[in-house]
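Starting from the known structure of chain W, fit chain D onto it as the hints suggest.
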Amino acid sequence: MQTSDHMKWLRLAIGAVVMLALPQLVTSSFAIDIFIRILLFSFIGVAWNLMGGYAKQLSLGHAAYFGLGAYTSTIMQVNYGISPWIGMIAGGVVAMLASLPIGWLCFRLRGPYFTIATIATAQVLMLIFLKFRDFAWGAEGTTIPNLGSAPLMMQFEEKSSYYYVVLGLLVVGLWITHRIEQSWIGYYLVAIGEDEDAAEAIGVNAPKVKRDIYMISAFLTALAGTFYTQYIYFIDPATAFSFNVSIEAALVSIVGGIGTLWGPVMGTVLLETTSALLQSWLGSSVGGIQLTVYSLILMAVILWRPTGLIGFATDVYHRYVRRKPARA
Amino acid sequence: MWETLAQAVINGLLIGGIYALVSIGVTLIFGVVKIVNFAQGEFVMIGMYISFFLATQFGVDPLVSLVISMPVLFIAGVLIQHFLIRRVLGPNDMPQIFLTFALSLLLLNLALMLFSANYRTVHTSYSDEAWHIGGLYIPVAKLIAFAVAMALSGLLWVFLHTTDLGRAMRAASQNRDVAMLMGINPNRVFAVAFGTALALAGAAGSLLMPFYSAYPFVGQVFVLMAFVAVVMGTLGNVMGALVASLMMGVAESLGIQFVGADSGLIVVFALLLLTLAFRPSGLGARRGR
Numbered sequence: 001m002q003t004s005d006h007m008k009w010l011r012l013a014i015g016a017v018v019m020l021a022l023p024q025l026v027t028s029s030f031a032i033d034i035f036i037r038i039l040l041f042s043f044i045g046v047a048w049n050l051m052g053g054y055a056k057q058l059s060l061g062h063a064a065y066f067g068l069g070a071y072t073s074t075i076m077q078v079n080y081g082i083s084p085w086i087g088m089i090a091g092g093v094v095a096m097l098a099s100l101p102i103g104w105l106c107f108r109l110r111g112p113y114f115t116i117a118t119i120a121t122a123q124v125l126m127l128i129f130l131k132f133r134d135f136a137w138g139a140e141g142t143t144i145p146n147l148g149s150a151p152l153m154m155q156f157e158e159k160s161s162y163y164y165v166v167l168g169l170l171v172v173g174l175w176i177t178h179r180i181e182q183s184w185i186g187y188y189l190v191a192i193g194e195d196e197d198a199a200e201a202i203g204v205n206a207p208k209v210k211r212d213i214y215m216i217s218a219f220l221t222a223l224a225g226t227f228y229t230q231y232i233y234f235i236d237p238a239t240a241f242s243f244n245v246s247i248e249a250a251l252v253s254i255v256g257g258i259g260t261l262w263g264p265v266m267g268t269v270l271l272e273t274t275s276a277l278l279q280s281w282l283g284s285s286v287g288g289i290q291l292t293v294y295s296l297i298l299m300a301v302i303l304w305r306p307t308g309l310i311g312f313a314t315d316v317y318h319r320y321v322r323r324k325p326a327r328a
Numbered sequence: 001m002w003e004t005l006a007q008a009v010i011n012g013l014l015i016g017g018i019y020a021l022v023s024i025g026v027t028l029i030f031g032v033v034k035i036v037n038f039a040q041g042e043f044v045m046i047g048m049y050i051s052f053f054l055a056t057q058f059g060v061d062p063l064v065s066l067v068i069s070m071p072v073l074f075i076a077g078v079l080i081q082h083f084l085i086r087r088v089l090g091p092n093d094m095p096q097i098f099l100t101f102a103l104s105l106l107l108l109n110l111a112l113m114l115f116s117a118n119y120r121t122v123h124t125s126y127s128d129e130a131w132h133i134g135g136l137y138i139p140v141a142k143l144i145a146f147a148v149a150m151a152l153s154g155l156l157w158v159f160l161h162t163t164d165l166g167r168a169m170r171a172a173s174q175n176r177d178v179a180m181l182m183g184i185n186p187n188r189v190f191a192v193a194f195g196t197a198l199a200l201a202g203a204a205g206s207l208l209m210p211f212y213s214a215y216p217f218v219g220q221v222f223v224l225m226a227f228v229a230v231v232m233g234t235l236g237n238v239m240g241a242l243v244a245s246l247m248m249g250v251a252e253s254l255g256i257q258f259v260g261a262d263s264g265l266i267v268v269f270a271l272l273l274l275t276l277a278f279r280p281s282g283l284g285a286r287r288g289r
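Residue numbers (this note's numbering), protein chains in the order written: chain W, 1 to 328; chain D, 1 to 289.
The hints are simulated quantities; they were obtained by calculation from the structure and are not laboratory data.
Note that the structure is predicted; figures quoted are calculated from it, not measured.
Quick reminder that beta carbons are idealized off the backbone N, C-alpha and C, glycines included.
All the given hints hold, so there is nothing to weed out.
Estimated spans, in silico, between C-beta atoms of each pair:
id	chain 1	residue 1	chain 2	residue 2	range
1	D	Ile-68	W	Leu-97	49 to 55 Å
2	D	Asp-164	W	Ala-201	38 to 44 Å
3	W	Ala-238	D	Tyr-137	30 to 36 Å
4	W	Pro-101	D	Ala-147	39 to 45 Å
5	D	Pro-71	W	Leu-97	48 to 54 Å
6	W	Pro-306	D	Arg-279	31 to 37 Å
7	W	Leu-97	D	Met-113	37 to 43 Å
Covered by chain W, according to a simulated footprint, are these stretches of chain D (three or more residues, beta-carbon under 8 Å):
id	segment
8	76-89
9	96-103
10	108-114
11	269-276
Same shape as in the complex, but just chain W (with noise of 0.2 Å):
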């Protein structure tokens, strides 16, 4: 298989130059906010994707630690002055501890309870930081002080600055989700989300295991939440752990393809393209028509293509393109 693997990365080499390139061939800054949404997003995508997406663990409260991480760089950031990269890491391993007991209580729940569950834990921490008048400004929230231009600080005066780091945010989770991929620990998520019984019969520790990627996942997210409260310079109780955010961590990789590597990039791409594009036809000046355009595709993709965008296209490929070798 020598020819595919140079093919793979040769592949590889063109998309890294592309999208390395792209912030300075297309400098609209409409254009750039719309690549930082969609690199974003992806980038939550494929946090919610190794829980959600290999080990079929369907939360919709992962809202709860891109809040998370969010809020301890921002408290490090505003209150003690310590740099949000710093920040973003303290964030991450706060998210990684509130996933232990969040873990512990949803877990004990399967299928739909265990996705109701999150959504209270998300609501949960939302109406706590609502509360958290002293320490955490309530619900008026704050903004982050402007720096101007402060690279340590995690601020920048070029867009195009946040687009490469956000960028190798999504490189770093999409490398995360190949070596478990390739790893035992891809497996055993795979054989818990195809049936948990079966997989802990045959000797996989699930709680574990979940608990793991669990973990693993809050923290990315959380990576997410302190970049994106650098991004708008705002922070509140209601855009940290909105439940959109959750929403669309799910929407994303299942549109694109659920457990699949590229299925939450290919996800985002459709999604906020599609929603760029109303707003621009539209305007903005309609509540609603998102979200329901977003809901009708997801509708359409459960009901008639269930692999998602990956699968499709996998389709078309084999039929059109190289037919795929007879099953034996």
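Relative to chain W, chain D alone:
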């Protein structure tokens, strides 16, 4: 002190009756069709808008519009079961969870587009009326809503326990495979269960309209309560859901009275998390089944 406490309990019980209609629907669908309907709250919202438009366009009293909202939502439920839910029934959770979740998002955001986020209210002759018994204050609209909710729950109980179709639904709920071997047509039973659940949600919406505002997100409040009540009352258990809903109403009301106006939800979520931590199979369940 005792009067405040009694008043909080009464307020909680009265709104708990509405929670019960929503929870019974969720638990009925879960028991019979084995899926969780994330969109249940949106059908409460639709019930409210139906009553709102009948009241403002044709002057129909919201309580009378029950006889329209319930059948409309029953038919909607049968159609949704037939054309959507039936296609995703199977061992795989993902499509089931996200199909009803997508339905919830769709209905909510369609309502936002069509009706805007404005709060809509209907003022009836009894909206402001209240009885004063001792030192207690009992709003008539809420009392009627509670009474009708309990009557509908009672009717459902009679239906489930005395009719062939009701028995078939309970059989399907206890063991679907054996029920099918006994000659029960699952599609018919599922459609009736889904339709009944949505009709109850519609009834909840109509009953709320004299004293509660309709807005696109209104269903979210009720569906969260229902999910918690259904977990506490043991999944799939209609009686458990009813009792747990009344308890939730009281707990929320006590939270608002003694902890603070915006703490109702915290109390509810805390109850959910405590239930999960200590009695994950419901309060009424026997230990170590």
